[in-house]
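J.: Position chain B against the provided structure of chain A, taking the given hints into account.
So the protein lines, in turn, are chains A and B.
Heads up, the first sequence is in the numbering used here, so the first residue is 1410 and it goes up one at a time.
Heads up, the second sequence is in the numbering used here, so the first residue is 1305 and it goes up one at a time.
These aren't lab readings, by the way, just hints derived from the structure by calculation.
Errors might be hidden in some of the hints.
Okay, derived cross-link-like pairs now, EDC-like style, lysine to aspartate or glutamate, Cα gap no bigger than 16 Å in a straight line [to be verified]:
{"#": "1", "chain 1": "A", "residue 1": "Lys1436", "chain 2": "B", "residue 2": "Asp1797"}
{"#": "2", "chain 1": "B", "residue 1": "Lys1577", "chain 2": "B", "residue 2": "Asp2064"}
{"#": "3", "chain 1": "B", "residue 1": "Lys1921", "chain 2": "A", "residue 2": "Glu1486"}
Beyond 10 Å from chain B on every Cβ pair, some chain A residues (computed) [what the hints assert, rightly or not]:
{"#": "4", "residue": "Leu1439"}
{"#": "5", "residue": "Glu1459"}
{"#": "6", "residue": "Gln1462"}
{"#": "7", "residue": "Gly1463"}
{"#": "8", "residue": "Glu1464"}
{"#": "9", "residue": "Glu1465"}
{"#": "10", "residue": "Arg1467"}
{"#": "11", "residue": "Ser1468"}
{"#": "12", "residue": "Ser1471"}
{"#": "13", "residue": "Pro1472"}
{"#": "14", "residue": "Ala1476"}
{"#": "15", "residue": "Tyr1480"}
{"#": "16", "residue": "Gly1483"}
{"#": "17", "residue": "Gly1484"}
{"#": "18", "residue": "Ala1485"}
Partial list, computed: chain A residues near chain B (C-beta under 10 Å) [said to hold, decoys possible]:
{"#": "19", "residue": "Arg1417"}
{"#": "20", "residue": "Ser1421"}
{"#": "21", "residue": "Gln1424"}
{"#": "22", "residue": "Leu1429"}
{"#": "23", "residue": "Met1432"}
{"#": "24", "residue": "Asn1446"}
{"#": "25", "residue": "Lys1447"}
{"#": "26", "residue": "Phe1448"}
{"#": "27", "residue": "Pro1451"}
{"#": "28", "residue": "Met1453"}
{"#": "29", "residue": "Lys1454"}
{"#": "30", "residue": "Arg1456"}
{"#": "31", "residue": "Thr1491"}
{"#": "32", "residue": "Arg1492"}
{"#": "33", "residue": "Thr1494"}
We treat Cβ as the ideally placed atom computed from N, Cα and C, and that holds for glycine.
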Amino acid sequence: MSSATLSRLRFSANQIAQNLAAMNPDKAVLATADHINKFWDPRMKARIFEDIQGEEGRSALSPVALAAIEYLAGGAEPKSQTRATEFNSVNEIGHSDAG
Amino acid sequence: MGFERQADFGTPEVKSDELVTLTIDGREVTVPAGTSVMRAAAEIGGSIPKLCATDNMKSFGSCRLCLVEIEGARGTPASCTTPVMPGMNVKTQTPRLEKLRRGVMELYISDHPLDCLTCSANNDCELQDQAAAVGLRDVRYGYEGENHLGLGTDVSNPYFDFDPSKCIVCSRCVRACDEVQGTFALTIDGRGFASMVSAGQDGDNFLSSECVSCGACVQACPTATLQEKSVKAIGKPERAVVTTCAYCGVGCAFRAEMRGEQLVRMVPWKDGKANRGHSCVKGRFAYGYANHKDRVLNPMIRESIDEPWREVSWDEAIAYTVNKLREIKARHGVGSLGGVTSSRCTNEETFLVQKLVRAGFGNNNVDTCARVCHSPTGYGLSTTFGTSAGTQDFDTIMDADVVLVIGANPTDAHPVFGSRMKRRLRQGAKLIVIDPRRIDLVRSPHIQAAHHLALQPGTNVAVLTSLAHVIVTEGLVNEAFVRERCEWDAFEDWARFVSEERHSPEFLEAVTRVPAQTVREAARLYATGGNGAIYYGLGVTEHSQGSSAVIAIANLAMATGNIGRPGVGVNPLRGQNNVQGSCDMGSFPHELSGYRHISDDATRQLFEKDWGVTLDKEPGLRINNMLDAAIDGTFKALYVQGEDIMQSDPNTQHVAAGLEAMELVIMHDLFLNETANYAHVFLPGSTFLEKNGTFTNAERRVQPVRKVMEPAPGYEDWEVTQLLANALGLDWNYTHPSEILDEIARLTPSFAGISWDRLDREGSLQWPVNDKFPDGSPVMHVEEFVRGKGHFAITEYIPTDERSGPRFPLLLTTGRILSQYNVGAQTRRTDNVVWHDGDVLEMHPADAENRGLKTGDWVKLASRTGETTLRLEVTDRVAPGVVYTTFHHPGTQANVVTTDYSDWATNCPEYKVTAVQVMPSNGPTEWQKEQAELTERSRRIAGAAEMEPAE
Chain A
1410 MSSATLSRLR FSANQIAQNL AAMNPDKAVL ATADHINKFW DPRMKARIFE DIQGEEGRSA
1470 LSPVALAAIE YLAGGAEPKS QTRATEFNSV NEIGHSDAG
Chain B
1305 MGFERQADFG TPEVKSDELV TLTIDGREVT VPAGTSVMRA AAEIGGSIPK LCATDNMKSF
1365 GSCRLCLVEI EGARGTPASC TTPVMPGMNV KTQTPRLEKL RRGVMELYIS DHPLDCLTCS
1425 ANNDCELQDQ AAAVGLRDVR YGYEGENHLG LGTDVSNPYF DFDPSKCIVC SRCVRACDEV
1485 QGTFALTIDG RGFASMVSAG QDGDNFLSSE CVSCGACVQA CPTATLQEKS VKAIGKPERA
1545 VVTTCAYCGV GCAFRAEMRG EQLVRMVPWK DGKANRGHSC VKGRFAYGYA NHKDRVLNPM
1605 IRESIDEPWR EVSWDEAIAY TVNKLREIKA RHGVGSLGGV TSSRCTNEET FLVQKLVRAG
1665 FGNNNVDTCA RVCHSPTGYG LSTTFGTSAG TQDFDTIMDA DVVLVIGANP TDAHPVFGSR
1725 MKRRLRQGAK LIVIDPRRID LVRSPHIQAA HHLALQPGTN VAVLTSLAHV IVTEGLVNEA
1785 FVRERCEWDA FEDWARFVSE ERHSPEFLEA VTRVPAQTVR EAARLYATGG NGAIYYGLGV
1845 TEHSQGSSAV IAIANLAMAT GNIGRPGVGV NPLRGQNNVQ GSCDMGSFPH ELSGYRHISD
1905 DATRQLFEKD WGVTLDKEPG LRINNMLDAA IDGTFKALYV QGEDIMQSDP NTQHVAAGLE
1965 AMELVIMHDL FLNETANYAH VFLPGSTFLE KNGTFTNAER RVQPVRKVME PAPGYEDWEV
2025 TQLLANALGL DWNYTHPSEI LDEIARLTPS FAGISWDRLD REGSLQWPVN DKFPDGSPVM
2085 HVEEFVRGKG HFAITEYIPT DERSGPRFPL LLTTGRILSQ YNVGAQTRRT DNVVWHDGDV
2145 LEMHPADAEN RGLKTGDWVK LASRTGETTL RLEVTDRVAP GVVYTTFHHP GTQANVVTTD
2205 YSDWATNCPE YKVTAVQVMP SNGPTEWQKE QAELTERSRR IAGAAEMEPA E
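Chain A extracted, bound-state conformation (with noise of 0.2 Å):
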């Protein structure tokens, strides 16, 4: 993997861990670690599990994010912790994320 694309999922996994401390910073972990479940394609996620093993990855990131990662690596699934990320059951309608 590149280097620019490893900064790239580290600034990303700080910027999502900032917009959601500062919704709630009670629930900025599990929120950042349930978007990036959500959203992050798997080779994504292994690579910035990778990443944190090492000392450098792991100040690269915020506390949040860094925390987030680490409960996702630890094998967790968190449950929605915001709106965006509930989406409709399979019979449900009424959610959409249309761009």
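T.: Positioned in the frame of chain A, the structure of chain B alone reads:
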């Protein structure tokens, strides 16, 4: 449908609960109070002769042809200006009226060329019809008197001519320009016999005037005075097919008027519920790309992008592609393939592309161009309202009292809706514009924004939060609404947050550059001015905090109770024709159609059972992540249908590097676009005229697209995707898009009640259409939000990391203009280039003077990412420190300067804020030269006579 004009009731429909019954020619009719006698007669099948009246504009009473007799009334009043009265007894055909009408018609015809047999409007001319209707047999005045027959024709507009020798000065064109379009470009110049229709000022012609070429005047003209050049060239149409425009998200319905398989003209369909019979220069006229010489009609392949293309049969192209896909999958794994669906293609085509990726490629690496436009709308409105589709239909603007436009430019990007908005503003609704640039709406004829908040690019969240600060701290919250409809605890948290002094307009003025008093007045107006409707566009979403800004907008609407009834709401204006639809169809990598996450077992099982495959439960890659993964070597093959990511996506050099790193790029498009420079397979696409299907507009309105001619390359786009799928071993057997729509309805609850037959019958339906809403849903969240209570979320302003500084002191923001569309692939291949043949950089006079620059100069536009050159226009539309350009032209590649910064939640690129420097230039940049060479090299086709590029 054969060719016949749509019924014209003469005057507009009136809505009233009070009904009036009268008698016309012995027949009783009951109509709403306020209806004209002319319309009442038309509604029972009568036809009072008329020339100056038409039912999309106010009655005028000038032609004196529609005279009637009313029992007990003096004289012969004009039926168009006479409202019905209870018990009225009207005669429309009497000897006295016939004589009067013939006399009027004689006067008209005495100054009209008698060339009907050779006139291009022959048999499609209201003057001719009315002369017949009144029984004109002779013109007693002769034809030798003073007349206008020698006047020359104005041919300046590329799409229509103005021949004043045939004009009867009925003012329909002038009134259409005023009332329907709202441009006020036309007037009647002179008095009496000298009266003439005139565009612009003395010395102007149609092209040099303010005319925006919407076609309303041409449609209104009852003679051959204003007529499409195409009718003159081709002849009168012989049939009409109703279809849906393939340009912006307004979704105008048109009659494609045909002569054989040749399109004569596109005429806006009066029954179209999105456009109500109006059009813009793109939908009305800019369809010539469909037959442009650049269109590629044969499949092509090549091993390497350095080689010329080789034309092959469809069989060979499909076999080659599928073999490559299989081989890449075997070598690099299932995750190495992906696809991009198009918001310019139909719902059915989009559905099939994502199905191909999920069921055929075996992963969820599918994304769509909504990623780069309105994805933050999804996130933001889901967070607050629980669903993100626009809350209203377009008609509802007519009930708005205060219109708040944020980061949108409706008169350019959504012009038909822009005209509706202007109509409401002329009726007295107040306007607030929040935009760094002085868009036309801020001040145009008979329109003046009450407040223009010309904010610093990138400070939307700060401005929106300061508006909320004023609403909360000045006690303007609609508490009853909030208590009933929203989560009260979350509201209290939010109210405390926005009330902090650091969110006051005074505190934030230094950041936003909007005078605090203006923010306060705008907030008061929105909160207390009656029905407040918010319309917003990409100026909100395309930021690092795009999602937060959308949340902030929704917070404002909830706090003021502006949700859930006509005239209010939060309305994202979608960029492309089928943005809403492509999202509904499961184009995002994390969800299936109907917004159900791919990790949900029950949802996956539903699709797995229907499709007979096993689906991956992990989300796939977004477009930007696909490009990253390609550079990293884990993503190798991409199927792109109908998009040009090379030109439309940010940081062009990053896109180029990603595409170049792939082993197989399959481009499915009309033209060899910029992305095709990096493609190995080119599959020729079909235009919207060549296929059946449906588009869903910004109102969630699903409308039919109907085939009016055979696809030039031999297949409709959905058929090409089916060929690929079947070669990959999927057993698809669709014979018509209606069968795909049936599958969508079967698998997608919000589409459950939609079918091709029903759309064919009813014209359009707004989803959700199901047991609860059998006829669709024009306004959402009426009694409660779709997911229960509205949720206020806190929006902390976090400045973007893209900062101006000594090297890059200016902020660039990008947008669109009226005559061009998106990457320009279509509109650049039409005569719309007469209005805009290259991207132009707008700069404030103070900044230009500092750099010694003037309008027309070539300048270099440089950012930390890249640089390009383009022409400069000095204008005070933009504030000092801000520059603006469009991204319509590949020669400019404006996105070579935009950055990788993107919305924190959705990765929607930050197109609207790039720190740049501008300096004089004496030629193209190295990047532009390289791209020009690449384009030339890449478009070679082996065996083509002169081995020249295809465009």
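J.: Look at each hint and say if it fits the structure.
T.: Here's how the hints hold up against the structure:
A threshold of 16 Å between alpha carbons decides the hint, and for Lys1436(A) with Asp1797(B) the separation of about 15 Å falls inside it, so the pair holds. With a CA separation close to 14 Å, the supplied pair Lys1577(B) and Asp2064(B) stays within the 16 Å bound. Between the alpha carbons of Lys1921(B) and Glu1486(A) the distance comes to roughly 13 Å, so the proposed pair stays at or under 16 Å and holds. Distance check for Leu1439(A) against chain B: the nearest CB is about 16 Å away, which clears 10 Å, and the non-interface claim stands.
No beta-carbon of chain B is positioned within 10 Å of the beta-carbon of Glu1459(A); the least distance is around 13 Å. The claim that Gln1462(A) is not at the interface with chain B holds, since no C-beta of that chain comes within 10 Å of its own (minimum 18 Å). Every Cβ of chain B is farther than 10 Å from the Cβ of Gly1463(A); the closest lies at roughly 18 Å, confirming the non-interface assignment. The Cβ of Glu1464(A) sits about 23 Å from the closest Cβ of chain B, beyond the 10 Å cut-off, so the non-interface label holds.
For Glu1465(A), the condition that its CB be more than 10 Å from all CB atoms of chain B holds, with the nearest at approximately 18 Å. Non-interface call for Arg1467(A) relative to chain B: holds, since the shortest CB-CB distance, roughly 21 Å, exceeds 10 Å. The beta carbon of Ser1468(A) is kept farther than 10 Å from every beta carbon of chain B, the shortest such distance being approximately 18 Å. With a minimum CB-CB distance of about 12 Å to chain B, Ser1471(A) clears the 10 Å threshold, and the non-interface call stands.
Listed as outside the interface, Pro1472(A) is consistent with that label: its C-beta sits roughly 16 Å from the nearest C-beta of chain B, beyond the 10 Å cut-off. With a cut of 10 Å on Cβ distances, Ala1476(A) stays outside the contact zone with chain B, its closest approach being about 17 Å. Separation of Tyr1480(A) from chain B is adequate, the least Cβ-Cβ distance of about 17 Å exceeding the 10 Å criterion. Non-interface call for Gly1483(A) relative to chain B: holds, since the shortest CB-CB distance, roughly 18 Å, exceeds 10 Å.
Interface exclusion of Gly1484(A) from chain B stands, the closest Cβ pair being 14 Å apart, more than 10 Å. Against chain B, the non-interface label of Ala1485(A) holds: every CB pair exceeds 10 Å, the least being about 14 Å. About 6 Å separates the beta-carbon of Arg1417(A) from the nearest beta-carbon of chain B, less than 10 Å, and the hint is met. The beta carbon of Ser1421(A) comes within 8 Å of a beta carbon in chain B, closer than 10 Å, and the hint placing it at the interface holds.
At about 4 Å, the closest approach between the beta carbon of Gln1424(A) and any beta carbon in chain B falls short of 10 Å, and the interface hint on this residue holds. Interface restraint check for Leu1429(A): the shortest CB-CB distance to chain B comes to about 8 Å, inside 10 Å, so the restraint holds. A cut of 10 Å between beta carbons decides the hint on Met1432(A): the least distance to chain B is about 5 Å, and the hint holds. Residue-level restraint check for Asn1446(A) holds (minimum Cβ-Cβ distance to chain B is 8 Å; threshold 10 Å).
Given hint, Lys1447(A) at the interface with chain B, holds; its Cβ is 6 Å from that chain's nearest Cβ, closer than 10 Å. A least Cβ separation of about 6 Å between Phe1448(A) and chain B falls short of the 10 Å threshold, and the interface hint therefore holds. The closest approach between the C-beta of Pro1451(A) and any C-beta of chain B is roughly 5 Å, which is under the 10 Å cut-off, so the hint is satisfied. A least Cβ separation of about 6 Å between Met1453(A) and chain B falls short of the 10 Å threshold, and the interface hint therefore holds.
Against a cut-off of 10 Å between C-beta atoms, the interface hint on Lys1454(A) holds, since the closest Cβ of chain B lies about 9 Å away. Here the hint on Arg1456(A) is kept, as its CB sits about 9 Å from the closest CB of chain B, short of 10 Å. Interface hint at Thr1491(A): satisfied, since its Cβ lies 6 Å from the closest Cβ of chain B, which is below the 10 Å cut-off. Look at Arg1492(A): its Cβ gets to within about 5 Å of chain B, closer than 10 Å, so that hint holds up.
A distance limit of 10 Å between C-beta atoms decides the matter here; for Thr1494(A) the minimum to chain B is near 8 Å, and the interface restraint holds.
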